[in-house]
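2 protein chains.
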Amino acid sequence: MESWQFSQGVHPNTSKLAIEPMASEASVPKREGFADLVLQGPEPPSLWYELIGMLRKAVRYRSADKHFTLSVCAMSILHSLFPILEWSKSYSLKSFRSDVMAGLTLASLSIPQSIGYANLAKLDPQYGLYTSAVPPLVYAVMGTSREIAIGPVAVVSLLLSSMVQKIADPAIDLASYRKMIFTVTFLTGVFQFAFGLLRLGFLVDFLSHAAITGFMGGAAIVIGLQQLKGLLGLSHFTSNTDIVSVTRAVWVSVHEPWHPENFFIGCSFFLFILGMRFIEAIAVGRSFSVINGYKLDGNKEMVAMGFMNVAGSLSSCYVATGSFSRTAVNFTAGCKTAVSNVVMAATVMVALELLMKLLFYTPVSILASIILSALPGLINVHEICILWKVDKMDFLTCMGSFLGVLFGSVEIGLSVAVGVSFAKVIVHSVRPQVQILGRLRGTNIFCNIKQYPMVCQTPAVLTTRIDTSFLCFINANFIRERITGWVTEKLEEIRSVVLDMSNVVNIDTAGLAALEELHKELVSRGIQMAIASPGWQVIHKMKLAQLIDGTGEAWIFLTVGEAVEACLANKKGGDLEC
Amino acid sequence: MESWQFSQGVHPNTSKLAIEPMASEASVPKREGFADLVLQGPEPPSLWYELIGMLRKAVRYRSADKHFTLSVCAMSILHSLFPILEWSKSYSLKSFRSDVMAGLTLASLSIPQSIGYANLAKLDPQYGLYTSAVPPLVYAVMGTSREIAIGPVAVVSLLLSSMVQKIADPAIDLASYRKMIFTVTFLTGVFQFAFGLLRLGFLVDFLSHAAITGFMGGAAIVIGLQQLKGLLGLSHFTSNTDIVSVTRAVWVSVHEPWHPENFFIGCSFFLFILGMRFIEAIAVGRSFSVINGYKLDGNKEMVAMGFMNVAGSLSSCYVATGSFSRTAVNFTAGCKTAVSNVVMAATVMVALELLMKLLFYTPVSILASIILSALPGLINVHEICILWKVDKMDFLTCMGSFLGVLFGSVEIGLSVAVGVSFAKVIVHSVRPQVQILGRLRGTNIFCNIKQYPMVCQTPAVLTTRIDTSFLCFINANFIRERITGWVTEKLEEIRSVVLDMSNVVNIDTAGLAALEELHKELVSRGIQMAIASPGWQVIHKMKLAQLIDGTGEAWIFLTVGEAVEACLANKKGGDLEC
Chain A
1 MESWQFSQGV
11 HPNTSKLAIE
21 PMASEASVPK
31 REGFADLVLQ
41 GPEPPSLWYE
51 LIGMLRKAVR
61 YRSADKHFTL
71 SVCAMSILHS
81 LFPILEWSKS
91 YSLKSFRSDV
101 MAGLTLASLS
111 IPQSIGYANL
121 AKLDPQYGLY
131 TSAVPPLVYA
141 VMGTSREIAI
151 GPVAVVSLLL
161 SSMVQKIADP
171 AIDLASYRKM
181 IFTVTFLTGV
191 FQFAFGLLRL
201 GFLVDFLSHA
211 AITGFMGGAA
221 IVIGLQQLKG
231 LLGLSHFTSN
241 TDIVSVTRAV
251 WVSVHEPWHP
261 ENFFIGCSFF
271 LFILGMRFIE
281 AIAVGRSFSV
291 INGYKLDGNK
301 EMVAMGFMNV
311 AGSLSSCYVA
321 TGSFSRTAVN
331 FTAGCKTAVS
341 NVVMAATVMV
351 ALELLMKLLF
361 YTPVSILASI
371 ILSALPGLIN
381 VHEICILWKV
391 DKMDFLTCMG
401 SFLGVLFGSV
411 EIGLSVAVGV
421 SFAKVIVHSV
431 RPQVQILGRL
441 RGTNIFCNIK
451 QYPMVCQTPA
461 VLTTRIDTSF
471 LCFINANFIR
481 ERITGWVTEK
491 LEEIRSVVLD
501 MSNVVNIDTA
511 GLAALEELHK
521 ELVSRGIQMA
531 IASPGWQVIH
541 KMKLAQLIDG
551 TGEAWIFLTV
561 GEAVEACLAN
571 KKGGDLEC
Chain B
1 MESWQFSQGV
11 HPNTSKLAIE
21 PMASEASVPK
31 REGFADLVLQ
41 GPEPPSLWYE
51 LIGMLRKAVR
61 YRSADKHFTL
71 SVCAMSILHS
81 LFPILEWSKS
91 YSLKSFRSDV
101 MAGLTLASLS
111 IPQSIGYANL
121 AKLDPQYGLY
131 TSAVPPLVYA
141 VMGTSREIAI
151 GPVAVVSLLL
161 SSMVQKIADP
171 AIDLASYRKM
181 IFTVTFLTGV
191 FQFAFGLLRL
201 GFLVDFLSHA
211 AITGFMGGAA
221 IVIGLQQLKG
231 LLGLSHFTSN
241 TDIVSVTRAV
251 WVSVHEPWHP
261 ENFFIGCSFF
271 LFILGMRFIE
281 AIAVGRSFSV
291 INGYKLDGNK
301 EMVAMGFMNV
311 AGSLSSCYVA
321 TGSFSRTAVN
331 FTAGCKTAVS
341 NVVMAATVMV
351 ALELLMKLLF
361 YTPVSILASI
371 ILSALPGLIN
381 VHEICILWKV
391 DKMDFLTCMG
401 SFLGVLFGSV
411 EIGLSVAVGV
421 SFAKVIVHSV
431 RPQVQILGRL
441 RGTNIFCNIK
451 QYPMVCQTPA
461 VLTTRIDTSF
471 LCFINANFIR
481 ERITGWVTEK
491 LEEIRSVVLD
501 MSNVVNIDTA
511 GLAALEELHK
521 ELVSRGIQMA
531 IASPGWQVIH
541 KMKLAQLIDG
551 TGEAWIFLTV
561 GEAVEACLAN
571 KKGGDLEC
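The listed protein sequences correspond, in order, to chains A and B.
Residue numbering for the first sequence is 1 to 578, as defined by the UniProt record's numbering.
Residue numbering for the second sequence is 1 to 578, as defined by the UniProt record's numbering.
Derived from the structure by calculation, the hints contain no laboratory data.
Just to be clear, a hint being listed does not mean it is correct.
No copy is singled out in the list; a pair is fine if it fits within one copy or between any two copies.
BS3-like, lysine-lysine: derived pairs with alpha carbons at most 25 Å apart [as the list claims (entries may be wrong)]:
1. K166 to K179
2. K543 to K392
3. K166 to K392
4. K490 to K520
5. K520 to K300
6. K450 to K389
7. K300 to K94
8. K179 to K357
9. K490 to K450
10. K300 to K357
11. K543 to K389
12. K543 to K357
13. K389 to K520
14. K450 to K543
15. K300 to K89
16. K490 to K166
17. K94 to K179
18. K336 to K300
19. K166 to K357
20. K357 to K94
21. K300 to K543
Whenever a hint applies, use it, and build me the whole structure from the sequences.
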């Protein structure tokens, strides 16, 4: 009933609106209804205003409390920095029991992995264990996530060693290499802390998921190949990380004596761990959806991670972060709060005290198989298939960073990932972005003639839509040439050109110049140009650049329908077949 | 009359369309009319298809002739490569007389400028004159423009010397510096030729006009400062091009003996030339508009310029191009065809033969004043004022490249120009790009509530428009968070969210993931999500990613109006105040 009233209210008015301007037969259309709204709108916010607004929003966010007193403010900052103050109030013995179980499970996985990853970072085993002990304690106090498991991870370990060993070779001077690693860890922490504090967490989005998928896959293969040294018991190997160097090193070594006993120990342990992971895969999938549904403040997390890495670097730890596979284990083991991280850290410390001497004698091939077992999770073939199916450009991004890591180096892979991601945005701004529109028979709806082939066109009026949100130096000339090209093709039929600019949110001086030039070209051929629905910034800048005086106020409309009808009314004898 | 028929045909149908779906009271809206068109459209062209289409278009362009025989084809290629074959047919004695006059005027300006610019390029005077002789002859045969004056220009001379002297110092080994300059000229020609042949001329657009304005202004000031050496007759100077080094060098030299006679000769000549240019300024302005109206094929021009520089490099010329100021003079002197360039080249050759010895004794201060006189035309203060007024971002781009040249070096200025231009495109993709829409009272037109404050909103339905043409990794999360933020603010009122995606031309996998997540979040709060008018690629990729199954086919509409009405019909008791 209400809907009916609603539609009754709408359409008689709409048709009234449409009839009146069309009845006019003057060469400048008589404007009633809504057309003038376009020109009379308020000014859009300036660049400075927007910048100040963004700053104010960031500050306001911190002092959102209404009863603003000094103690309340201090408490709110304390609570925001240390979420433990919040959740510890309602912490129960039952939760503690679950957390202890989860923490012990976590430790059983963390201890061998930490030793393996320390090996990958070209550090002694104890540094991996330190990294599994100190940062989790800091995170438990400052972090917001309940399930996340903190510690060293494979890809970061590889990144660290491959970058730092260019400055300090661990084979020559292990002490200065170690110092360099701790410095990098410290700086990582400082950057994370600063980014979180300045609310720059969104910058993480700049590395697209497709690029990360490719990078991880490539890194996993490179790490795997490097483990061949340990697995095959080779004595000579390369420190390069690209697939060509590693394959050549393996090939050379095959002709030298090697140690099959290492190979058999490693392989059997690898198969054992892989068997354990068939169980794990389900858990990962389940936890993934849950973790996604869980609301975290990315900026706060960055502050916590930053502080944890700064603290870590001062206590001989290297870069720690959340491990995806161990987080899944933590979740399935039934953790309730970050106390599971504390339990794990405590267990690792005990292991450090008691088992350190034993751990030193872990065979290299066992370490290699531990690392290898964590790798299949990093190669997400399913995701890559989806990328290929859904978006070829994303697939190219993914393959670019994958091949960059595999055949170049970790840095090349990262640069390719960032470069291709940004190139995609640029390429999208450059690609052909003008469409010819047609009217859906019997309506005022105008659609792309290719997407909706059933629409009909009025030969006398070329209706085009500029399909870019930023008409700028990179595409303005292209779009102008495309439109004049269409006009030249059908010069005898076309009497007016309607530019639907509803998609153009912003414009720069090159875009304005292209519009002006297009108008001049059309006028010189005796063709009328009408503009429909320009964006807020666009109409404002057109006023500033005095472009409105050129095109004529009367030829700017709120809707395409109005513009087309004004053009038809203007050029008598226009074809009116739909 | 015709218009009236037209509108009669339109609106009864529109209102019929609107009434029927609204009469339905089921929770899944009954779909009639146009809503299903969105899902039933044809597939958009794939990436490969588009690439092949682009290639085919480039090839077809060359064989557009309908009567395609070998001889016709050869003739058309010849005519296209050598436009002289075309215009020489109708060349008259009257045109020749005009061209001779223009050519002689041009030569009187070219000879001193060529010597000055050769000095700027750190070459002997004759090389500047060679560059004013050979390339214009080649251009006359191959170029399409009639007015353009070919020869050395100030900014290119500075660029060349500042870049090449990093590899070969002209003060130490002039011969190898010269060889390097010719090699660079040769390569410039090869690149121009290749770019033109591959139709990559559009790449020139990538350096925005704003960036070039800033770069030119900065370069002009740097060139001017470097002329102080000649003008003041200083013996010690710096070869750096940044303002700090040059100012320091002048400051140091002030305390040393200098040659006031040089200063007076140079200054009086400078004032004389400046006086001549008050006349010229008007001509430049006039010619500019005409040159703009004149139709040139940029790719063909690049082929001609490339060939001319290759030929030049083989005959001891350095990089030549079209000089803006001399083109204006050529035009005002009444040139008719490229023959004026031939006349100028011949005059320059005669001057080389007869006056070479005299020219060698031109005082350095005169050369400096010649160069200085050409500089004010490069600093376009008016253009910079317009940039400030119309577009602050373009002004920043301009200032970035200006300060880059001034305080850094020519290369830094160029990199800043390119970098800032591209950053602008990226920043625009990241900036806040969701708007809340309201309905214009009594119509089916939905507008941004900030741009059109008179629109009214329906509290139960949050209508938003995604104002980006590429919903991708760089903005997808931002947009999702913005929408959920609005929903959280008014959680009690909102029952449906309508996403107007008419502006979204393309989407990547990150964008699809964000849409899916948004849908999940809204569903978990009991809110219905409806999508209106997704672009061609968007609906195709949503199908591929099986996102349609998630959101429900029934909740995708062709127009915002249909979507809002379906939402209102679905949630009975919704507020219907407008």
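A quick look at each hint next to the structure:
For the identical chains of this complex, K166 and K179 are intra-copy neighbours only, at 14 Å inside a copy versus 37 Å across copies, given an alpha-carbon limit of 25 Å. Taking the shortest Cα distances, K543 and K392 sit within 25 Å of each other only across copies (15 Å), while inside one copy they are farther apart (41 Å). Taking CA atoms no more than 25 Å apart as the test, K166 paired with K392 passes in neither setting, with 35 Å inside one copy and 43 Å between copies. Proximity of K490 to K520 under the C-alpha cut-off of 25 Å is restricted to the intra-copy arrangement: shortest distance 18 Å within a copy versus 49 Å between copies.
Taking identical chains as interchangeable, the C-alpha atoms of K520 and K300 lie at most 25 Å apart only when they sit on different chains, with a minimum of 24 Å there against 54 Å within one chain. Taking the closest pair of Cα atoms, K450 and K389 come within 25 Å of each other only inside a single copy of the chain (22 Å); across copies the shortest separation is 39 Å, beyond that limit. Proximity of K300 and K94 under a CA criterion of 25 Å is satisfied in neither setting, with 28 Å inside one chain copy and 80 Å between copies. In this homomeric assembly, K179 and K357 come within 25 Å of each other (Cα to Cα) only inside a single copy, at 24 Å, whereas the closest approach across copies is 68 Å.
Taking identical chains as interchangeable, the C-alpha atoms of K490 and K450 lie at most 25 Å apart only when both belong to the same chain, with a minimum of 18 Å there against 39 Å between chains. With identical chains, the CA atoms of K300 and K357 are never at most 25 Å apart, being 39 Å at best within one copy and 76 Å at best between copies. Only between protomers do K543 and K389 lie at most 25 Å apart by alpha-carbon distance; the minimum there is 11 Å, versus 45 Å within a single protomer. Proximity of K543 and K357 under a CA criterion of 25 Å is satisfied in neither setting, with 78 Å inside one chain copy and 58 Å between copies.
Within a single copy, K389 and K520 get their C-alpha atoms only as close as 45 Å, which misses the 25 Å cut-off; across copies the closest is 23 Å, which meets it. For the homomeric pair K450 and K543, the shortest alpha-carbon distance between copies (18 Å) is at most 25 Å, but the shortest distance inside one copy (33 Å) is not. For the identical chains of this complex, K300 and K89 are intra-copy neighbours only, at 21 Å inside a copy versus 77 Å across copies, given an alpha-carbon limit of 25 Å. Taking identical chains as interchangeable, the C-alpha atoms of K490 and K166 are never at most 25 Å apart, the minima being 63 Å within one chain and 54 Å between chains.
Neither within a single protomer nor between protomers do K94 and K179 lie at most 25 Å apart by alpha-carbon distance, with minima of 43 Å and 83 Å respectively. Proximity of K336 to K300 under the C-alpha cut-off of 25 Å is restricted to the intra-copy arrangement: shortest distance 20 Å within a copy versus 70 Å between copies. For the homomeric pair K166 and K357, neither the shortest alpha-carbon distance inside one copy (31 Å) nor that between copies (59 Å) is at most 25 Å. Taking the closest pair of Cα atoms, K357 and K94 never come within 25 Å of each other, the shortest separation being 36 Å inside a single copy and 102 Å across copies.
Proximity of K300 and K543 under a CA criterion of 25 Å is satisfied in neither setting, with 43 Å inside one chain copy and 36 Å between copies.
Violated hints for the displayed structure, listed by number in ascending order: 3, 7, 10, 12, 16, 17, 19, 20 and 21.
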